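Letter by letter, the sequence shown follows residues 14 to 501 of my numbering.
Hints are computed from structural coordinates only; laboratory data are not their basis.
Check the hints yourself; a few may be wrong.
Said to hold, decoys possible - Straight line, CA to CA, 20 angstroms or less: simulated EDC-like cross-link-like pairs of lysine to aspartate or glutamate:
(1) Lys422 <-> Asp119
(2) Lys111 <-> Glu122
(3) Lys128 <-> Glu483
(4) Lys127 <-> Glu483
(5) Lys266 <-> Asp47
(6) Lys452 <-> Asp240
(7) Lys111 <-> Asp267
(8) Lys225 <-> Asp240
(9) Lys127 <-> Asp365
(10) Lys111 <-> Asp47
(11) Lys232 <-> Glu215
(12) Lys43 <-> Glu113
It should be emphasised that the depicted structure is a prediction, and the values quoted were computed from it without experimental measurement.
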Amino acid sequence: MKLTHSDFCFLILYCSSLVAISLHHSKKNKDACDFLLAGRKLTLPVFVATLVATFYGGILGIAEFTALHGLGSWLTQGIFWYIVYLAFALLLAGRIRKLEFYTIPDILEHRFHKKVALVGGIFTYLMVNPAPYIVSLSLILHATTGISFPVSILVITIFAVFYTILGGFRGIVYTDFFQCVVMYLGFFLLACFTLSEYGLGEFLEKNLCRIKGYENHLKLTGNMTWDYILVWAGISSWVFVDPNFYQRCYAAKDPKTARNGILIAIVFWFFFDILSCGTALYAFAAQNAQSFSIQQPGMAHFALAEHILPSPLKGLFLASVIALILSTLDSFLFASAMNISRDYYWRFINRDASSSQMVRITKIATIFTGILSAFLSYILPSVVELWYILGTIGLSALLVPMMYSFIGKYRLIQTPLVSMLSGSSVATFWLIYGIIYSKDGSFMYPWNCQPFYPGILLSGFTFCIGYFMEKKSITAALLHCIQKSPIK
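Whole structure, please, built from the sequences with the hints as guidance.
Here it is, written out as structure tokens:
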């Protein structure tokens with residue numbers, strides 16, 4: 014994308030605003046609760062804005078997905094998720110706020126045992142690794158400036174770590190509010206100019222449905238097989254084990270804010286899905302009409318913006334995309350760091366840690382996570398692949414034990430451990446097998462079965478077996494205590 018001086022002015026103003034907002038709110042952090050959860054005082058507007066912005070960072074992945082499956086990207090990245098968001102809001106959000114915890118492993122320790130929290134923390138960390146979003150921003154920096162991809166990774170990582178450390182969670186949520194406004198403004202303008210340039214459905218019909226390879230792009234299932242669709246339906250349950258969702262519910266000022274905030278956020282996500290998926294479809298249709306070429310599928314929105322937006326609106330649109338991704342990157346980065354400081358340092362090393370110690374350890378953990386994520390970004394630069402791998406392994410481990418933690422009656426120890434390790438192990442084996450025997454860039458799994466299936470099925474099976482075995486042991490122990498009791 015070719016940018017003028019006026020475009021760069023928008024970008025400089027955007028980046029400066031982020032630093033200024035974060036710096037301003039950093040002065041309000043008086044203790045660890047302020048730094049980690051903004052003092053548990055998030056109001057409804059701020060709660061909605063930070064939730065919406067945080068869970069819409071995969072814009073390049075959506076463009077990749079739209080290139081492959083057209084409208085199917087709305088099914089897998091939108092519709093399935095709305096259903097899970099709704100269930101989370103109505104069934105769990107208020108209950109989570111009442112717990113007054115900090116992380117998912119806090120729940121695992123409360124309902125099971127410290128050993129379960131130890132293992133669960135590993136998978137929690139894996140699921141919120143910010144590597145996919147470092148990849149996305151690095152691709153943008155490389156495409157717009159010509160800086161090499163490895164150097165782009167370094168620049169993005171340093172900036173993200175710096176401004177995340179600066180304001181903590183309070184700084185993150187208030188910059189998210191600003192970034193939420195920017196991202197909607199940029200994509201709304203892109204959609205308006207696109208419709209003005211190409212009109213409504215006839216252009217899509219002519220340049221997608223009648224072109225070889227794009228015949229199914231306006232069907233809700235796209236080119237996907239049903240087993241692949243069901244895997245993505247399962248991956249949408251990521252919400253039930255996503256530390257960012259829990260963190261924001263913990264930080265809401267009350268249970269009502271947490272529940273209503275998610276319900277309102279669903280409406281905002283719906284409208285943004287229309288903007289992002291719709292403009293991506295127009296981008297690929299315009300390419301087929303030979304209006305312009307798209308070098309990489311993930312950069313479809315940029316190619317469209319380059320073609321139809323004047324300066325300085327190109328700079329505003331670029332800022333909106335950066336806002337989308339950076340608001341997710343900093344949240345995942347901070348959640349990962351908090352996982353280390355709270356779930357490992359505090360839980361297993363120093364439960365008497367002071368507020369200043371917790372803040373310092375969280376900042377160190379942020380730097381460590383940034384370095385690790387940069388390495389992952391370099392060795393696996395596909396956003397969709399990173400999403401899929403991290404999601405499959407983490408979900409296979411955590412979903413079943415976390416669901417039991419809200420509905421189960423007995424305090425189990427060994428069962429959730431075996432469930433997490435067995436589910437994640439078989440999912441990892443399936444993924445490794447698929448990568449080793451990949452063909453033409455596609456993973457080839459045993460019996461053509463996606464890793465999520467054996468992972469979650471084995472996790473559920475071992476949990477059921479373990480549950481009945483431990484329940485029997487617990488009941489026997491209680492009966493023994495009653496029989497030995499001197500009270501008749």
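Each hint tested on the structure:
no.: 1; hint: Lys422 <-> Asp119; result: holds, 17 angstroms
no.: 2; hint: Lys111 <-> Glu122; result: holds, 16 angstroms
no.: 3; hint: Lys128 <-> Glu483; result: holds, 16 angstroms
no.: 4; hint: Lys127 <-> Glu483; result: holds, 17 angstroms
no.: 5; hint: Lys266 <-> Asp47; result: holds, 13 angstroms
no.: 6; hint: Lys452 <-> Asp240; result: holds, 19 angstroms
no.: 7; hint: Lys111 <-> Asp267; result: holds, 8 angstroms
no.: 8; hint: Lys225 <-> Asp240; result: violated, 24 angstroms
no.: 9; hint: Lys127 <-> Asp365; result: holds, 16 angstroms
no.: 10; hint: Lys111 <-> Asp47; result: holds, 18 angstroms
no.: 11; hint: Lys232 <-> Glu215; result: holds, 15 angstroms
no.: 12; hint: Lys43 <-> Glu113; result: holds, 19 angstroms
In this structure, the one hint that does not hold is number 8.
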